[in-house]
Amino acid sequence: MTNTPQEHAPTPKRTPLHDLHVSLGGKMVDFAGWDMPVQYPTGIMAEHAQCRAKAALFDVSHIGQVHLIGDNAAQKLEALCPSAFTTLKDGKARYTFFTNDVGGILDDLIVANAGDFLFVVVNASMRDQDIAHMRANLDGIDVVEITDHALIALQGPAAESILADHCPDVRDMGFMETILAQIDGQAVRISRLGYTGEDGFEISIHQDAADGFARQLLAHPDCEPAGLGARDSLRLEAGLCLYGNDITTDTTPIEAGLIWAIQKRRRTGGGFPGADVIQAQIADGPARHLVGIKPLGRAPARAGVVLQMAGQDVGIITSGGFGPTVGGPVAMGYVTRDHAAIGTKIDLIIRGKAQPAEIVSLPFVQQNYKR
Amino acid sequence: MATTYYSEDHEWIEVDGDIATIGITEHAAVQLGDIVFVELKEEGDEFAKGDDIGVIESVKAASEIYAPVDCEVVEANEELEGNPAMINESPESGAWIYKVKLSDPSQLDDLMDADAYKALIG
Numbered sequence: 000m001t002n003t004p005q006e007h008a009p010t011p012k013r014t015p016l017h018d019l020h021v022s023l024g025g026k027m028v029d030f031a032g033w034d035m036p037v038q039y040p041t042g043i044m045a046e047h048a049q050c051r052a053k054a055a056l057f058d059v060s061h062i063g064q065v066h067l068i069g070d071n072a073a074q075k076l077e078a079l080c081p082s083a084f085t086t087l088k089d090g091k092a093r094y095t096f097f098t099n100d101v102g103g104i105l106d107d108l109i110v111a112n113a114g115d116f117l118f119v120v121v122n123a124s125m126r127d128q129d130i131a132h133m134r135a136n137l138d139g140i141d142v143v144e145i146t147d148h149a150l151i152a153l154q155g156p157a158a159e160s161i162l163a164d165h166c167p168d169v170r171d172m173g174f175m176e177t178i179l180a181q182i183d184g185q186a187v188r189i190s191r192l193g194y195t196g197e198d199g200f201e202i203s204i205h206q207d208a209a210d211g212f213a214r215q216l217l218a219h220p221d222c223e224p225a226g227l228g229a230r231d232s233l234r235l236e237a238g239l240c241l242y243g244n245d246i247t248t249d250t251t252p253i254e255a256g257l258i259w260a261i262q263k264r265r266r267t268g269g270g271f272p273g274a275d276v277i278q279a280q281i282a283d284g285p286a287r288h289l290v291g292i293k294p295l296g297r298a299p300a301r302a303g304v305v306l307q308m309a310g311q312d313v314g315i316i317t318s319g320g321f322g323p324t325v326g327g328p329v330a331m332g333y334v335t336r337d338h339a340a341i342g343t344k345i346d347l348i349i350r351g352k353a354q355p356a357e358i359v360s361l362p363f364v365q366q367n368y369k370r
Numbered sequence: 000m001a002t003t004y005y006s007e008d009h010e011w012i013e014v015d016g017d018i019a020t021i022g023i024t025e026h027a028a029v030q031l032g033d034i035v036f037v038e039l040k041e042e043g044d045e046f047a048k049g050d051d052i053g054v055i056e057s058v059k060a061a062s063e064i065y066a067p068v069d070c071e072v073v074e075a076n077e078e079l080e081g082n083p084a085m086i087n088e089s090p091e092s093g094a095w096i097y098k099v100k101l102s103d104p105s106q107l108d109d110l111m112d113a114d115a116y117k118a119l120i121g
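Heads up: the sequence lines are chains P and W, in that order. Oh and the first sequence: position 24 is 23 in numbering that gives the first Met the number 0, straight run, nothing missing. Oh and the second sequence: position 47 is 46 in numbering that gives the first Met the number 0, straight run, nothing missing.
If you're looking for bench data, these hints aren't it; they were derived computationally from the structure. A couple of the hints might just be wrong.
[What the hints assert, rightly or not] Partner residues are not named here, just some residues of chain P that face chain W (Cβ under 10 angstroms, in silico):
| # | residue |
| --- | --- |
| 1 | Q181 |
| 2 | D231 |
| 3 | P299 |
| 4 | I349 |
The structure displayed is predicted, hence computed values, not measured ones. Glycine residues also receive a C-beta, built at the ideal position from the N, C-alpha and C atoms.
Using the sequences and the accompanying hints, generate a full structural model.
Structural data, given as structure tokens:
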């Protein structure tokens, strides 16, 4: 038996919560150059269930936090992304992506209007490229990487009540809203969003205060730590794309089903990289679609598994595994337009054998955001 | 009397005469995490040492099981199909994977005893 996970790469970076992870028995792995907990002693299934039932605390400090400061930052950022930011109200956040000249996705990100500046969070694996991209293309805007703050994600139906013990204002926040708040005399930025399909918050807090605050949250009986393993199974069940798997430079937002993130003015007005390709796909429909795939057997189907119909390749899985809440295997992937209808029966070629599966709607579990 | 040997690939094999029982070690089960699926070979399938004799899928990843010796499957543990998590619960007692017939018992000499395996995993 082999392929057990690698532990401890040579020189990964550490987050401000590293000591906490180790003290909690976190199994540390190298993720995008960071030494991160993939799971704790209770295991991924229990951590996943904890997040769906109560609340889980994730360290996401490896994610890039960037401030865009300068006149017309929102307008200038619109030249790199197909979303609308000039109409983004103070205190609101929006999901978006950088596109390239052929409509491919360079990365996905969250942009928040923090009043005097834009607060941007980008994937850990892409932070260097994204920052370079913004610096090269946002003329007159200061692109300031925030390296002295941790980012803590508190996710789950109990997240609001747990965080409200420290900051009552969070009760008044809606989904995709962000505030600057005080916790124990510390200025923190709290955003009501996340990557699990559950209600929850991401808290940007100075590195010196992060460990103490995380321990306070974990002292609550409804809060337990969760690692990257549960984060991945939660986001997969919630039908949320993972950059590098489900969305890449070879996939467009329209193929990925992300048209909802392209506001009407941008759909018609263009003015972003790859607009001609994306507008043509909006008009004509893309040749392939990202869909939910439910294996009908017990075997998980992971990224790279080919989808066939009558022996012909019709698609490929980009994310797949076991969904603890679903209680069985779940997957996402691309299929050609003619085979993308909900209910279509297809074959998954798993280790050379055809296994039955069905195209299903995403997400696999109901999203529980506070609307 | 049964004797238990261990492979470098983290299988255990308990030998009683020319029949042996195969499973994965507790160390391997802990490394894999929550096991959600086991793909088994069938009775009568014959394997050479090192052949892939099945797949264990955890929430995180798929891992192959390798034949620790040349053998023929005489029974696969079908209980694992409905309850794969039993490998996490009792990897070295209840959750055996195969009963096999040994083709060349002298190959057992190449495997480790419990002390040597313990030293391997630290």
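Hint by hint, here is what the structure shows:
no.: 1; hint: Q181; verdict: violated, 39 angstroms
no.: 2; hint: D231; verdict: holds, 8 angstroms
no.: 3; hint: P299; verdict: holds, 5 angstroms
no.: 4; hint: I349; verdict: holds, 9 angstroms
Checked against the numbered hints above, the structure breaks only hint 1 and satisfies the rest.
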